[in-house]
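Asker: Mind docking chain B on chain A? Use the hints.
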Amino acid sequence: MRRLRSLLFCGLFVVALAAMPTRVEGAEPARVVLQTQSAPDGSARLTATVVDSRGAPVAESPVTFKARTTFGWLTLAETTTGADGKARTILAVATVVEEIAVEVGGEGTVRAAILLGARRTSAPRIRPGWDVLRGVSPQPGFISPYLVPLQVILFGMILGGIWATYGYVAWFLLRIRGAR
Amino acid sequence: MPRRPDQFSPRERVLLASLTEAGPGFYALVGVLLAVIAWGIIAYTVQLRYGLGVTGLRDNFMWGVYITNFVFFIGVSHVGALMSAILRITGAEWRRSVTRMAEAITFASLLMGALMPFVDMGRPDRILNLLLHGRLQSPVLWDILSISTYLTGSTLFLYVPMIPDIALLRDRFAEGPAWRRRLYTLLALGWKGTEVQRHHLERIMGIMAIIIIPIAISVHTVVSWIFGMTLRAGWNSTVFGPYFVSGALFSGAAAVVTAMAAFRWAYHLEEYITEAHFRRMGYLVITLGMIYAYFTFAEYITPAYKMATAERGYLTAVFSGQFARLFWFTQVGGVLLPLLLLTVPRISWVPRLQRVLFLRPVPALATIATSVAVLLALPAVLPRTAALGGFDVIRQLPVWIIGALGGWLFLTLLPVFRQRPIAAAVVASLLVNIAAWLKRFVIIVPTLQFPFLPIQRAPAGWAIYQPTWVELSITAAAVAGFVLIYLLFSKVFPIVSIWETREEGHRPGAALSPAGGHGGVADAPAP
Chain A
0 MRRLRSLLFC
10 GLFVVALAAM
20 PTRVEGAEPA
30 RVVLQTQSAP
40 DGSARLTATV
50 VDSRGAPVAE
60 SPVTFKARTT
70 FGWLTLAETT
80 TGADGKARTI
90 LAVATVVEEI
100 AVEVGGEGTV
110 RAAILLGARR
120 TSAPRIRPGW
130 DVLRGVSPQP
140 GFISPYLVPL
150 QVILFGMILG
160 GIWATYGYVA
170 WFLLRIRGAR
Chain B
0 MPRRPDQFSP
10 RERVLLASLT
20 EAGPGFYALV
30 GVLLAVIAWG
40 IIAYTVQLRY
50 GLGVTGLRDN
60 FMWGVYITNF
70 VFFIGVSHVG
80 ALMSAILRIT
90 GAEWRRSVTR
100 MAEAITFASL
110 LMGALMPFVD
120 MGRPDRILNL
130 LLHGRLQSPV
140 LWDILSISTY
150 LTGSTLFLYV
160 PMIPDIALLR
170 DRFAEGPAWR
180 RRLYTLLALG
190 WKGTEVQRHH
200 LERIMGIMAI
210 IIIPIAISVH
220 TVVSWIFGMT
230 LRAGWNSTVF
240 GPYFVSGALF
250 SGAAAVVTAM
260 AAFRWAYHLE
270 EYITEAHFRR
280 MGYLVITLGM
290 IYAYFTFAEY
300 ITPAYKMATA
310 ERGYLTAVFS
320 GQFARLFWFT
330 QVGGVLLPLL
340 LLTVPRISWV
350 PRLQRVLFLR
360 PVPALATIAT
370 SVAVLLALPA
380 VLPRTAALGG
390 FDVIRQLPVW
400 IIGALGGWLF
410 LTLLPVFRQR
420 PIAAAVVASL
430 LVNIAAWLKR
440 FVIIVPTLQF
450 PFLPIQRAPA
460 GWAIYQPTWV
470 ELSITAAAVA
480 GFVLIYLLFS
490 KVFPIVSIWE
500 TREEGHRPGA
510 ALSPAGGHGG
520 VADAPAP
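Line order of the protein sequences matches chains A and B. Per numbering that gives the first Met the number 0, the first sequence starts with residue 0, numbered consecutively. Per numbering that gives the first Met the number 0, the second sequence starts with residue 0, numbered consecutively.
The hints are simulated quantities; they were obtained by calculation from the structure and are not laboratory data. Note that beta-carbon positions come from the ideal geometry of N, C-alpha and C, so glycine has one too. Check before you lean on any hint, since a few could be wrong.
[To be verified] Examples of chain B residues toward chain A, derived with CB under 8 angstroms:
1. Leu135
2. Thr148
3. Thr151
4. Gly152
5. Leu155
6. Leu188
7. Gln196
8. His199
9. Arg202
10. Ile210
11. Ile214
[What the hints assert, rightly or not] Quick list of simulated restraints, FRET-style, between CB atoms:
12. A:Ile113 - B:Gly320: 51 to 61 angstroms
13. A:Thr78 - B:Phe117: 43 to 53 angstroms
14. B:Thr19 - A:Gly159: 42 to 52 angstroms
15. A:Trp72 - B:Met61: 27 to 37 angstroms
So that you can see chain A by itself, here it is in the shape it has in the complex (with noise of 0.2 angstroms):
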């Protein structure tokens, strides 16, 4: 009877240590692939993929997914992979951002970096018709995003007038210069 227990005891043991998750040994991140999937709605889903030396793929792998803005790198996410090696997460706004990069393991010895291309704004929803031309703006009063052709008018016609009064004292000027 001991010797059974003693037995089952083994399996399960053996069994319980094949079921636990190991890493394969040397399984270290040697490389990250980067990849970005753009949606209609101006986000972008990011995945990281770790891979070691021999291309297997590297789970539990601590990864961190940064921006490049006009102050320097923004950390966007701080993240491990998953047992196929993947990490992912989503750039809510993708429009504004120029390039992103995933480093791997704490030291960021493993890096990649991707261009997400020329930063792109989107464009005004209203765009002027001929309306505009007939001087109504596609929003009401001065507050518009675009130029008003009534108050580009009036600004010339009152600078304009200034400066070219301006003008005409200083021809004046140089007449008087000129005068006997």
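Answerer: Leaving out everything else, chain B in the frame of chain A:
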């Protein structure tokens, strides 16, 4: 043929002497001004190096002392062009001695005022972006355009009537320092006083006198629109344009009175600037002050009557809260007292005040001095507020006592001011200008403290605005810069127009020339 020095009248020789003679007082003043400016430059270097974090400006307080200075200087600049132009057009003879002082104030204060928005920018290197990407729909861009237009116009307006005087100086300093000779020769435009030249000059002066009036008015109106075009409590007002213009004229006219007194005293210009000039300027200040008071009343009574939710916090802070002392000082000390001081010479019952024992200077001043000493010791003597069961009046007591003592002092000094109308005018004008600066502060800062969305998740110190030493140093430097420019101007050009006052002085009672309505040049010097 150059005019010989003996062809100048004695009073003109006094005026010309002010160009070349400088005593130790002048150099001491210039030294102090330069030192203040140097300190201001150091402060600005600190700001450039460490950013706007060294100032009291924070997320909610994007404007503070710098924009206060900006509005103040632009306001003071108004009076020169506007007053001079209106008086020229209306043919007011007495203006001949003071118009150039006023026009030079415009020039100096505009230079300082236009500088302030650059100082207010954390990244002044980005100023070009305002021109490259500025939106014509924005009042900020309107402001830049109108100020640059006004600066050009007021410089022309200052320069054109100076041409005959510059020609006089060119001949007077024909054997003087080389820099003066070159400068006057360049700026005199070959003026010989010929009929054609006089005709041209008259025409230019007429044009400039007319065009500068709407430009000057529009500039401060546009400055007010920077605030008025927003929806914020305290700024969302339809009368901000005329309110700002009236305030600008009031403070500018007071600045001219101060300048008149300073130059009269320093350059011995008693013959040019008489008591009558102060009296007339006093009338002008009184008129402008009453218009300004009316606009102030109209500006505050409308929202205060309704007390809309968005305005409530702001108005309470201004009338009875954190900014109440500043606000009421600007109203009492900056409007009421100056108007009283300027009308004192015309009030018949003022001498009778001296009959009252406690209003005689010696006993009154002694009592007031004793009261001030007691007041200083009061905090140590009075029990703590908590011990009085939170009786708040005790906390306010010193303020009320100071107010009462100030009123008493004022009544005591009234007979003295009546005997010295120039001193009264100077004190009044200084009060107006100090209060004008503070009023701009009260217009700008309280509104920022009460945004529609309450300030939250900000460090405690960020919810109030307190200017730092950097801002105060730069402000002091701006004031010093204004005084220095004005002072140096008076050393290069006569601060009183020679040819215009010659016309007035040498032909007493003479009818104005056909062009006299705007400062005729019929008597402008010919070689």
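Asker: State for each hint whether it applies.
Answerer: Now for the hints, and whether the structure bears them out:
1. Leu135: Interface hint status for B:Leu135: holds (6 angstroms vs cutoff 8 angstroms).
2. Thr148: holds, 6 angstroms
3. Thr151: holds, 6 angstroms
4. Gly152: holds, 7 angstroms
5. Leu155: holds, 6 angstroms
6. Leu188: Check passed: Cβ of B:Leu188 comes within 4 angstroms of chain A, closer than 8 angstroms.
7. Gln196: Constraint on B:Gln196 satisfied, holds at 5 angstroms.
8. His199: Holds: closest Cβ of chain A sits about 5 angstroms from B:His199, inside 8 angstroms.
9. Arg202: holds, 6 angstroms
10. Ile210: This interface hint holds because 5 angstroms falls under the 8 angstroms limit.
11. Ile214: holds, 6 angstroms
12. A:Ile113 - B:Gly320: 51 to 61 angstroms: With Cβ atoms ~55 angstroms apart, the hint holds.
13. A:Thr78 - B:Phe117: 43 to 53 angstroms: Holds: the Cβ-Cβ distance is about 46 angstroms, inside 43 to 53 angstroms.
14. B:Thr19 - A:Gly159: 42 to 52 angstroms: For A:Gly159 against B:Thr19, whose Cβ atoms are near 44 angstroms apart, the range 42 to 52 angstroms holds.
15. A:Trp72 - B:Met61: 27 to 37 angstroms: holds, 28 angstroms
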